[in-house]
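**Q** Heads up: the sequence lines are chains G and W, in that order. For the first sequence, our numbering assigns the number 1 to the initial residue and increments by one for each residue that follows. For the second sequence, our numbering assigns the number 1001 to the initial residue and increments by one for each residue that follows.
Hints in this document: simulated from the structure, not taken from any laboratory. Only a predicted model underlies this, so the values are computations on that prediction, with no experimental measurement involved. Hints are not guaranteed to be accurate.
Chain W stretches covered by chain G per the calculated footprint, using a threshold of three residues with CB under 8 Å from any CB of chain G [stated by the list, open to error]:
1. 1017-1029
2. 1043-1054
Mimicking DSSO-like on lysine-lysine, the simulated pairs with C-alpha atoms at most 30 Å apart in a straight line are [unchecked claim]:
3. W:Lys1018 <-> G:Lys68
4. G:Lys5 <-> W:Lys1055
5. G:Lys5 <-> W:Lys1057
6. W:Lys1057 <-> G:Lys37
7. W:Lys1071 <-> W:Lys1013
8. G:Lys5 <-> G:Lys68
We put the CB at the ideal spot given by N, CA and C, even for glycine.
Residue-level listing of the chains:
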Amino acid sequence: DQQVKQNSPSLSVQEGRISILNCDYTNSMFDYFLWYKKYPAEGPTFLISISSIKDKNEDGRFTVFLNKSAKHLSLHIVPSQPGDSAVYFCAAEETSGSRLTFGEGTQLTVNP
Amino acid sequence: DVKVTQSSRYLVKRTGEKVFLECVQDMDHENMFWYRQDPGLGLRLIYFSYDVKMKEKGDIPEGYSVSREKKERFSLILESASTNQTSMYLCASTPLGGYNQPQHFGDGTRLSIL
């Protein structure tokens, strides 16, 4: 039972354009959501997070949107840069504890 | 900055061997986690620990065990390695409570079982 799903295994965008990565979840107990970025042969690095009391959180070029009624979140990267090319994982945490549930990941490729 | 160090970047072992993967963190974090990452499956939690000598099963604990003798060190053990345990293994940590705090990851161990 995949509680966090990233339906797009890959996404390709042009440098300077917007990248939109999507994530859906099914567990209503999730109330904290995170995005991680992972380069090959490295561990995931934390990118940005959002609590369920908010619907938007912004950090520089990165913005995360949360739609609780649709159980959907998205990561916007504007403008996209070639160095953003990586696998992006969406993750969710329940109120009760610190363990995370991850999505399958989306490979983002930003073309120069 | 939090530093999570995994002892090996690449490891090749044979079927049936007992395999130890080591993870050390330097930030005095109480919570430590072991995941495996496989293409199309994302990161799946194997085991985690909230304190020394404490362990909890994650989503895929079968074929694995763990050891947490010291706060900074969390070991993953493959009791009798099998080819379906070939994977990227990732260790992570968070401080006490850990809620609403991102996990910090090591660089991973790419394990191949032949």
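**Q** Tell me, which hint numbers fail for this structure?
**A** Checked against the structure, the hints that fail are numbers 1 and 3, while the rest are satisfied.
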